[in-house]
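Chain residues, written in single-letter form:
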Amino acid sequence: MDHDSGFPLVNSLVNSSNGLAHQTGVPFDRRRAPAAMADFLQFTFSGLTVGAVYALVAVGFTLIYNASDVVNFAQGEFVMLGGMVTVFLGYAGVPVPLAAVLAVLIATAVGLALYRLGIAPAREASAVTLIIITIGASIFLRGVAEIIFDKRFHSLPALFGSDPIRIGGASILPQTVVVLASALLIVCLLWTFIDRTLYGKAVIATSANRMAATLVGINTRTIVGACFAISAAIGAIAGVLVTPITLTSYNVGTLLALKGFAAVMLGGIGSAIGAVVGGVLLGLFEAFAAGYLSASYKDAVAFVVILAVLFAMPQGLFGKTTVERV
Amino acid sequence: MLAGTDRFRLLQPHRLFPLIPLAIIILVLPLLFPSAYYYRVAALVFIFAIAALGLNLLMGFAGQVSLGHAGFMGVGAYAVAIGPSRLGIAPLLAFALGAVCSALLAFVVGRPILRLKGHYLAVATLGFGVLLTIVFTNEAKWTGGPDGMPVQQMTIINWTVHRIGTWYWILAASFLLSAVIALNLIDSPTGRALRAIHDSERAARMLGVDIAQKKLAVFVISAVYASVAGSFFALINGYVTPDASGFLRSIELVAMVVLGGMGSIIGSFVGSAVLVILPQALTIFHEYEHAILGLTLMAVMIFLRRGIVPSLSAALGGTYK
Amino acid sequence: MTALVAERISIAFGGVRALDGVSFKAAAGIVFSIIGPNGAGKTTLFNVISGLCAPDDGRVWLGGKDVTAFAPERLARRGLSRTFQNLQIFSQLTTLENVMVGRHRHESTGLVADLLHLPAVNRQNRVTRDAALKALARVGLGAMAQRPARSLPYGDLKRLEIARALATEPTVLLLDEPAAGCNPTETNNIETMIRGIVADGITVVLVEHDMRLVMNISDRIHVLANGHTLAEGDAAAIRANPAVIEAYLGARSATLEPASAVR
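Chains as they are written, first to last, in numbering that gives the first Met the number 0: chain A, 0 to 325; chain B, 0 to 320; chain C, 0 to 262.
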């Protein structure tokens, strides 16, 4: 029995186990492992899959926020672009690997354009003004996607086929492993870049104090622009990798941005580790809530998390409580 | 030097002065309408102007932000839908109950939410609005689910409102009434306190202003405005869907407020007029509606942050209300 | 009766001890000055007294009542008012409206009356406007009433903040560096203004760096350094106190002359 919550991402995840049963003809093997354990594992795998995407969106958020104090609502659109551009280039005859690379490049260009045309010209904008600008950008990108592409769902072929791997009575798609491994790899690469290279130090300097960074000769415009570009690339890669599992369409960006933000809040705004942990935790919460409570309220989890964190623990798990000089 | 406040009263325009040109426009407009369609567009302008006005009180005057205000519109809309058809309540009573529910909801949620500032407040209100939408979408037994539900016509005792022309006058009066209330608030101790909060919470507190209470008050008031607008919207359309409370609708409201001018009563009307009329006028561009909305938001926030009416007013050298 | 008492106020931010056991008593109707080198904790002390942060330890009494950690709005209603070192003007309001907000504590119309603009609101507006105009006249800003507050020059803004604080009809007025950034003429005006305020029976607690102003006007001076009390006494005593001189100049010197430049 398929659940229909009205949200495609939700459906894909909740029904993935059932879907796999249809695809492969292999039912849940409840004789091998206790049903509860199998369910638990299944939900964990689902949770980790979306969690990895949320984590990547959250990392992109954090990179931009640290460099420029901007909460970038358009972050989700980069994920959407990664998937949709790859799909449509594929329809146009471009081989999928090349299409994927092009999609990431296009998304990167869009990210840079967002900074150059949307953020940099907004002089002395307040935090709320900047959020509204990025929301405008997100709606704009969504609107353009609506026109250029279409309103249907699309998929991509998985990297290693769609035969599930059986672990402890639960099934995990090979693509899920790809997503998780890639997320880990991207985060490590990013960390290495930030921590070990001179360019990365410039990013840290810009994050800490833009004025001071400018004074020591760092071109902060280039740095912040690069952060936008990198975030866009990360988002697009996430989009390409996860489309085989969760499908993509022109409007997946909005919800993803909101959930990415929930992950950032949970982990602590400004903390890269927090972004990853927050993303994965959020994915797990969602999967467990959908599995054990109610599938249709799955998307509500992220917003409940946002509100709970803001009221109870505004600095999140890894954030610093700021000491304000009155 | 100073002859006391009497001199000032003579020099100050009456607080309701800005409504005179609006009232004239409203009275004259129907003479120019060639068909019922125009009445409908005007009705929609009034409806969204009411919602934008409420949001403007919160954002433009008190300096807060709400990216989930359409949630309250949804409460009002579903109240007039659910009340008569599921609970057997008279439409007028359902209308009032919707407003009361919105006020209560705003009161309960507002207390913790308004302690937040800046982008935290923005995202919290956004989350709140989306949560409401999810509830409206899921509780199909009550709300008809994602496809929505029909709304009975407004009936007051025996009289049913079915002509769009009637709605025009009802809505025009409602808008003018809501503008009067807003202008009243601004020119009052509470209004001054709110405007002070916008500029410096710390200084306002040191002058004895209970900022938590004042922020909550304006949040509740703006929620009621949105609820009333939402109820009217559902009644005019005869139908309501969860989109009425959705994220996109909330952003449209914000766009109306910033486009028209934060802190400008007339600006709320102008912002609503632009964002209602333009899509209607440019039906060829219907596909591009979202793209244009996004672009408009960005452009206004980058280049015309004060909004149309204040910028025009400043260019013409005057002050504005 | 003592207007304001601070008893063993201590507060730390992160690892930094901003104030450590600071105590003083300010008698009613005097000018009580708090001085000290930068970073001594003067503004922090004001923030604790005015309710913007709660002390880790210690108590504050206003007019004989314990008001420790009361919120600023409660303190304002009990007669405490303050100006800000970095100016917290309501920039979107006119000069007059800024001071009208200062009358908030004395306004009595409720939310519903305000929304409906009942006749009481008209009366209240008129009363408030009159009182605000008087406060503006008292500091010499009457002519600027209708101008947007943000268009005023810096010296006038300092006076505006004082007018606004006075409009609350305080018993104790905290002035946070009123002469900062002012030229000698403006500083003289401030001095005259403070004398007038005290003459009206208001206790003035002053944080200030301008030594000439402090020495001329203070009835009592409390010296802070590194969050500790260094000394307290009248102007002459403080001027001659070697510990105070050392804290300011870092070396032994003759005396702290009020009128000459500090070498």
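Simulated from the structure, these hints should not be mistaken for laboratory data.
One or more hints might be untrue.
Only some residues are given here: those of chain B computed to face chain A with a beta carbon under 7 Å [stated by the list, open to error]:
no. : residue
1   : 180
2   : 183
3   : 290
The list that follows gives simulated cross-link-like pairs (lysine to aspartate or glutamate, EDC-like), each with its CA atoms no further than 20 Å apart [said to hold, decoys possible]:
no. : chain 1 : residue 1 : chain 2 : residue 2
4   : C       : 133       : C       : 155
5   : C       : 24        : C       : 155
6   : C       : 64        : C       : 6
7   : A       : 150       : B       : 242
8   : A       : 150       : B       : 198
9   : C       : 133       : C       : 176
10  : A       : 150       : B       : 286
11  : B       : 140       : B       : 198
12  : B       : 116       : B       : 242
13  : C       : 64        : C       : 231
14  : C       : 24        : C       : 6
15  : B       : 116       : A       : 123
16  : C       : 133       : C       : 199
17  : A       : 150       : B       : 200
18  : B       : 140       : B       : 286
19  : B       : 116       : A       : 68
20  : A       : 200       : A       : 68
21  : C       : 24        : C       : 65
Examples of chain A residues toward chain B, derived with CB under 8 Å [as the list claims (entries may be wrong)]:
no. : residue
22  : 138
23  : 145
24  : 214
25  : 307
Glycine included, every Cβ here is placed at the ideal spot set by N, Cα and C.
| Hints broken by the structure, by number, lowest first? | Violated: hints 1, 2, 5, 8, 9, 11, 12, 13, 17, 18, 24, 25.
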